[in-house]
Amino acid sequence: MKIRLENVVKTFETFRAVKDVSLDIESGELVALLGPSGSGKTTILRMVAGLEYSDGGTIHFGDQDATDIPVRDRGVGFVFQHYALFPHMTVADNIAFGMKVSKVKRDKAAIDARVADLLRLVRLEGLGDRFPAQISGGQRQRVALARALAVDPKVLLLDEPFGALDANVRRDLRRWLREIHSELGITTLFVTHDQEEALDLADRVVILKDGQIVQQGTPEKVCRDPQSAFVMRFLGDANVIAADVRDGRAYAGDVSVEASGVADGRAELYARPADLDWAQAGPGIAAKITRVLDRPDGRRVLAETQAGEALEFDVEPERILNAGETGFVTLRRAKVFAI
Amino acid sequence: MSASVSTRRKPPRVGDTPVFRRTLIGIVLFLVAFVIVAPLIIIGVEAFAKGWAVYRDTIIHPDTQHAIMLTVLAALIAVPVNTVFGISAAWAITKFDFWGKRFLLVVIEIPFSVSPIVAGVAYLFVYGLQGLFGPLLDAWDIKILFAIPGIIIASMFVTAPFVARELIPLMQAQGRDLEEAATSLGASGWRTFFAVTLPNVKWALLYGVILCNARVMGEFGAVSVVSGNIRGQTNTLPLHIELLYHDYQAAGAFASASILALIAVFTIIAKVALERQGAGRVRKQANPAEKTS
Amino acid sequence: MRRRNVLPGLPLSLGVTLFYVGLIVVLPLAALVIKAASLGPEDYWRIISSSRALASYRVTVLSALGATIFNLFFGLALAWVITRYRFPGRRIVDAMVDLPFALPTAVAGIALTALFANNGWFGSVLEGFGIKVAYTPLGIMIAMCFTSLPFIVRTVQPVLEDLDPALEEAAQSLGGSDWSIFRKVILPLLAPALLAGVSLSFARCLGEFGAIIFIAGNQPMSTEITALLIFIRLEEYDYQAAAAIASVLLLTAFFMLAVTNWLQARALRYTVKG
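Chains as they are written, first to last, in the working numbering: chain A, 481 to 819; chain B, 76 to 368; chain C, 21 to 294.
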């Protein structure tokens, strides 16, 4: 099911949570809404679900205008941030709930069979008789997903699906959700504030700030070609170096990088730690090493430029560097944004 | 072994010195016996002061029987009505945002702060001959005051907040997620309420109902203003007690009082039992790590 | 702007609530206020400031004050003992605290009178010391103590239960004595709840009727509480006077409700999570 949001607006009291958002989600696509807290991502998700009504704009499911369809008739599967499992029902009863209340009457055997299928799908066979309080967080998350899938939703919506879980459980579930998605092919939209989660899981990442979309695209596109300093910073560690732009090139120290489209004058150069390197001799940005940090996957160097900018970059663990050494930071690649 | 040593060596908390502790427990237990337990005991003692026969005669006396019937009738009407009101108020207040909500919360609590006598007087000025609707009701020959409807309405005023104020904090704490989840799965409003909301608040609801019932059955001030104290017609049990007491039939008064005291004791037992249910559940949810292995 | 609700049932539930609150709570109180207002300001003032009314305010407020102060100490000690100490019968004592709420006031009234009458269990002993309780202001105070005791215990108890032991440990590590820790750390944390309980308890004492009239003696000018004076005016068919004096109690109740709400909001300050 294709979803189309056009000029959607939502205001709470006096606070504009969502400002004029338009977004197309293709049938079968897995899309992440990524942004810091207060960026309006959960509000957008809840409007798609029908758990909030927009103050302006339209939401289409396929050719149907879903803007005014109430949540119970909208046919979405919603996985709540804290799962919202019914605490007084067993796992099986939780999963069966949507089928039991459905206008389409099913006999008990059909419901039981479907519950068994879903328990198998989410790999919780044998836990159907437990209560939500008796299973782990990761298991609860999967029950919540099974419950949402039980009603054959046109669209699957997940609010911070892994937010409440440990790091390693998170990673497993992420991979597993991706598998389920490719198995079922259901249009899926999820909200997260964790850029790694969005990039690992989604076909397309929609980055939000202050209720507006600032950039969207495949993980490759947003990582390799961030359109703003905000996206650059939000997606990962970034070094910031003051630079001057002249005739389409940005100069810092005695190095320069391509900066087409940036107006002449003061600007900032953004580079990932992996985009910098260290050299004994120039050309480069003169700096002094302040600390060397050893990590399992490499060696991180902290340095300070003569202008007092703190830089971080990674070198191979074999490189011997010591605090106090002076030399030059070199640039493999960088992005330039006007201030 | 080492564990027991370490607990014994745990430094005392504030106020844990044995002398202080024993003195304070002693004083408190003495006062509890003096202030709370003694009144309960004297009711039993006085009720049987003239022997079992007098006790029995009081209880089976038609006036007492009628007072019991009227008290039960008031409870049978006021408690369900207040329960429906409490549920409605809790649903509206906790599941929605609307203008004036905080004010509504305060208004619902008013009956707790107002003296029952003031409540009774206030009803006089609505349904009494001096009141707003008095002449109208008189013309239609409808009797509310100094009759059973008045007693029931006055009881409803005094106990109006009981169910609502048990449900509102709990439903506020539970949030709207469960209801939203049920609705997103296609459940209707009634279905959501009966299948999802109600099972999660049932103990709090019962708790409110029991406290409401105890208060309806025991209400004295408001009812004494609006009842007219007609023996064998508009006397509830508490009013009957007063009547007997002022008739110098102390044993009879205490015999009737013993029924209400018994209800009070049962109310407390039920309350403790329900608190265990409620407390256990909340703790289990608050700490999911504490799961059965 | 479209404003709709996701969950169903607002019109029905709010409709029922407003209808019921309007009919059962607001309408009668409004009727009372209208009745009291129908007196001219002079008549109104004359009635509410008559010497008998003033005497009733005096005995009501002073007894309520005395009862509340007693309950402040007793309630705090009771809450402390049942939350901090383990001893046989603790749960029973905890449950018994609710008895004054559960026991009908008329029943409490005749029970206390029987205990404190000259020939009662306590009355006869106190008589030996020359103390008379029944039919004196002291009796009023005792009845008020009984009916309002649970308020302070039940507002302080949850705060005391949730008190982080680390706070006391921190204070102990800084060298505080038990008394100074209680005074400077524990008491300030309990104070908002304690004050909220005090205002609830005081408000209840001001309005109490059933438990008091049996033990009070009900002599005009000395042991006649305001609630009883209203009742007497009604029996004299002096409805205007009853309305006027009842409006004084009503306004006091509203004032106490406002104070309590303010204190409870303050009491929550520490528990609100950031």
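Hints were generated in silico from the structure; no laboratory data involved.
Here a beta-carbon is modelled for each residue, glycine too, at the ideal position from N, C-alpha and C.
Among these hints, one or two may not hold up.
[As the list claims (entries may be wrong)] Computed footprint of chain B on chain C, listed as stretches where at least three residues anywhere in the stretch have a Cβ under 8 angstroms from a Cβ of chain B: (1) 76–83; (2) 88–96; (3) 99–110; (4) 156–169; (5) 175–187; (6) 201–212.
Okay, the hints, checked on the actual structure:
Here's how the region 76–83 of chain C fares: 0 of its residues keep a CB closer than 8 angstroms to some CB of chain B, so the rule of at least three is not met and the hint is violated. Figure legend: the region 88–96 of chain C, annotated as covered by chain B; annotation inconsistent (1 residues with Cβ-Cβ distances under 8 angstroms, at least 3 required). As drawn, the region 99–110 of chain C meets chain B at 6 residues by the rule of a beta-carbon pair under 8 angstroms; at three or more, the given contact holds. Only residues whose C-beta sits within less than 8 angstroms of a C-beta in chain B count toward coverage, and the region 156–169 of chain C has 3 of them, enough to reach three; the restraint holds.
Counting residues of the region 175–187 of chain C whose CB lies closer than 8 angstroms to any CB of chain B gives 1, so the stated coverage by that chain is violated, three being the minimum. Only residues whose beta carbon comes within less than 8 angstroms of a beta carbon in chain B count, and the region 201–212 of chain C has 3; three or more means the coverage holds.
The structure fails hints 1, 2, 5 (numbered hints given earlier, in ascending order).
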